[in-house]
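Starting from the given sequences, assemble the full structure and let the hints guide the process.
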Amino acid sequence: MDFLNTGPAVAATLRRQVARLPAIRRISNVAVTDVVVRDGRAVGAVGFDIVGGEAVTIAAGAVILAAGGLTKLYRRNSASANMAGEAYALALWAGAELVDMEFVQFFPIAHLAPRLVGMDPIMWDPFRYKLGGKLLNGNFEEFIDRYGGSDAGLYTAMRDVASYAILKEVEAGRGSPHGGAYLDFRHVAEAELRGAFGPVIDRLLANGIDLTKTPVEVGPMAHYHMGGVRVDGRMESRVKGLYAAGEAVGGANGANRLSGNAITEALVFGERAGRVAAAEALRAPAGWEPRFAAEAVGRVRAALGRRGTGGAAPVAREAELQHLMWENAGPFRTAGGLAAALERVRTMKAELPDLAISGERQFNLDLQDWFELRAMLATAEAVAASALARTESRGAHQRLDFPGSDEALVKNQALALEDGRLVTRWVPVARSRAAVADR
Amino acid sequence: MSEAARLRVWRGSRREAGRYDTFTVPYEEGMSVLDALRWIRAHADSSLAIRYSCTNANACKTCMALVDGKVEYTCTARLKRATVTVEPLPKRPVIRDLVADTAPPDEKLPG
Numbered sequence: 049m050d051f052l053n054t055g056p057a058v059a060a061t062l063r064r065q066v067a068r069l070p071a072i073r074r075i076s077n078v079a080v081t082d083v084v085v086r087d088g089r090a091v092g093a094v095g096f097d098i099v100g101g102e103a104v105t106i107a108a109g110a111v112i113l114a115a116g117g118l119t120k121l122y123r124r125n126s127a128s129a130n131m132a133g134e135a136y137a138l139a140l141w142a143g144a145e146l147v148d149m150e151f152v153q154f155f156p157i158a159h160l161a162p163r164l165v166g167m168d169p170i171m172w173d174p175f176r177y178k179l180g181g182k183l184l185n186g187n188f189e190e191f192i193d194r195y196g197g198s199d200a201g202l203y204t205a206m207r208d209v210a211s212y213a214i215l216k217e218v219e220a221g222r223g224s225p226h227g228g229a230y231l232d233f234r235h236v237a238e239a240e241l242r243g244a245f246g247p248v249i250d251r252l253l254a255n256g257i258d259l260t261k262t263p264v265e266v267g268p269m270a271h272y273h274m275g276g277v278r279v280d281g282r283m284e285s286r287v288k289g290l291y292a293a294g295e296a297v298g299g300a301n302g303a304n305r306l307s308g309n310a311i312t313e314a315l316v317f318g319e320r321a322g323r324v325a326a327a328e329a330l331r332a333p334a335g336w337e338p339r340f341a342a343e344a345v346g347r348v349r350a351a352l353g354r355r356g357t358g359g360a361a362p363v364a365r366e367a368e369l370q371h372l373m374w375e376n377a378g379p380f381r382t383a384g385g386l387a388a389a390l391e392r393v394r395t396m397k398a399e400l401p402d403l404a405i406s407g408e409r410q411f412n413l414d415l416q417d418w419f420e421l422r423a424m425l426a427t428a429e430a431v432a433a434s435a436l437a438r439t440e441s442r443g444a445h446q447r448l449d450f451p452g453s454d455e456a457l458v459k460n461q462a463l464a465l466e467d468g469r470l471v472t473r474w475v476p477v478a479r480s481r482a483a484v485a486d487r
Numbered sequence: 022m023s024e025a026a027r028l029r030v031w032r033g034s035r036r037e038a039g040r041y042d043t044f045t046v047p048y049e050e051g052m053s054v055l056d057a058l059r060w061i062r063a064h065a066d067s068s069l070a071i072r073y074s075c076t077n078a079n080a081c082k083t084c085m086a087l088v089d090g091k092v093e094y095t096c097t098a099r100l101k102r103a104t105v106t107v108e109p110l111p112k113r114p115v116i117r118d119l120v121a122d123t124a125p126p127d128e129k130l131p132g
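Those sequence lines, one after another, are chains A and B.
With our numbering applied, the first sequence corresponds to residues 49 to 487, in that order.
With our numbering applied, the second sequence corresponds to residues 22 to 132, in that order.
A hint or two may mislead.
[Unchecked claim] Cross-link-like lysine to aspartate or glutamate pairs, in silico, EDC-like; alpha carbons within 16 Å at most:
#1 Lys82(B) to Asp168(A)
#2 Lys459(A) to Glu440(A)
#3 Lys129(B) to Asp97(A)
#4 Lys129(B) to Asp168(A)
#5 Lys182(A) to Asp168(A)
Just so you know, the hints here were simulated from the structure itself, not pulled from any lab data.
Here the structure is a predicted model, which is why all the values come from computation and not from measurement.
Right under this line is the structure:
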């Protein structure tokens with residue numbers, strides 16, 4: 049938990065620096081729906097103006113995807129509501145490869161209840177580290193030792209063991225009322241609580257949560273995506289002039305990730321992608337003609353033209369997809385569940401043109417949801433297909449039908465669209481010099 | 022979740038020609054005004070225009086509106102069992118419903 053608000057402070061500093069550079073122009077309220085590619089090179093983007101409801105084209109010498117992760121694919125997630133996998137979908141459609149899409153990190157003890165506002169749901173880890181909270185099932189029994197973990201008031205259970213244990217207790221009817229477990233600090237003296245987390249204790253009290261009197265409910269949530277756009281050391285994808293930065297980048301973490309490195313990834317990958325892309329944009333040939341964007345603009349205009357139509361709202365389909373992914377491509381996976389998810393996702397893709405879009409011109413969220421859902425479905429398909437092909441358990445990818453790791457699968461999985469079909473292939477793990485020296 | 026809250030929500034795209042729609046929303050202790058607005062979009066009227074991004078942690082700072090006459094972040098403003106009135110930010114042009122124009126002039130598209 050970012051109690052020090054490091055993220056917002058870093059973001060504010062970056063924004064201030066950007067505002068000082070007259071060459072950088074920020075545009076608000078535009079949703080990008082496609083990257084425009086011509087002769088294997090990214091030459092711009094197409095989207096729509098959410099405020100005015102018109103198609104927008106942007107010509108560019110280089111394009112950087114920095115739209116974050118995919119946690120909105122899951123019913124329970126700890127991130128912003130705008131992390132819907134758009135960067136991955138835009139990359140796929142542009143012809144780039146993705147990598148490691150099966151490795152979605154689930155945070156085991158995210159906050160479920162009582163309703164807590166103004167705080168990050170993944171706040172409980174430092175509490176357990178420092179104070180030794182007890183993880184209890186719905187009957188107020190410790191349970192993690194039943195699943196090969198040990199607890200005894202100390203944070204020793206691995207994240208995947210904790211997630212597995214909590215979800216198995218829920219499945220057995222021994223979950224907490226909101227479908228998780230209790231995290232209990234009632235055995236910790238108030239002075240000790242205050243000594244460790246004084247200001248946070250006050251914010252919790254303002255939320256009606258008194259840790260000396262009530263346990264909180266916690267459970268696994270989708271938290272971070274290790275997979276993403278397959279880029280080289282210059283952050284460039286296999287499409288010339290198309291780069292990625294931040295969580296949109298895949299392959300930096302492998303099958304699991306240590307906490308606290310997302311901000312450094314954003315800074316390092318962002319600086320590198322920005323520097324390389326700016327140099328590339330200067331060299332790039334003048335590459336834009338309106339006809340290159342015709343297909344993508346046509347897609348936006350078709351959606352705009354469907355305003356006022358009936359059917360299910362895209363936002364309702366998003367909720368269905370979130371349940372589907374949580375149940376079938378979530379913390380624990382099986383071949384049957386993943387195949388069912390793939391089938392349903394493909395049906396939902398085919399049904400996209402039938403969804404309702406309300407008639408308003410300005411700030412039409414149905415329209416925004418429709419394009420977001422289109423991206424979510426493309427990304428969901430990539431996650432489920434990769435997870436189905438990896439017939440082992442490794443890191444954040446846990447297959448109930450293949451509980452062990454398979455030495456033959458110490459490989460990365462790359463995905464791309466070929467003639468509109470998603471194709472996965474195995475590629476050797478690129479080992480850094482430091483890692484080789486350690487072996 | 023048998024309890025319910027009522028929201029009176031300002032609708033329209035011109036200050037002088039707006040109306041109030043009333044929605045009944047399932048109430049859970051501690052829920053935010055934004056929780057209720059998102060429930061309305063998902064279950065009652067997806068055409069409602071609202072602006073938000075982070076939903077929970079009060080990190081994105083985009084969800085401000087007038088809640089019972091006070092400027093608040095809807096993600097941290099608590100819902101009450103009584104009726105709550107939600108209106109767009111005052112002193113800003115209205116785009117539609119609860120969305121006011123908050124973009125800096127130099128971040129707008131050329132008209």
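Hints versus structure:
The straight-line distance between the Cα atoms of Lys82(B) and Asp168(A) is roughly 14 Å, inside the 16 Å bound, and the hint therefore holds. For the hint pairing Lys459(A) with Glu440(A), the CA-to-CA distance comes to about 12 Å; that is within 16 Å, so the pair holds. For the hint linking Lys129(B) to Asp97(A), the alpha-carbon distance of about 10 Å falls within 16 Å, and the restraint holds. With a C-alpha separation of about 31 Å, the suggested pairing of Lys129(B) with Asp168(A) is violated against the 16 Å cut-off.
For a cut-off of 16 Å, the pair hint linking Lys182(A) to Asp168(A) is broken: about 20 Å separates their Cα positions.
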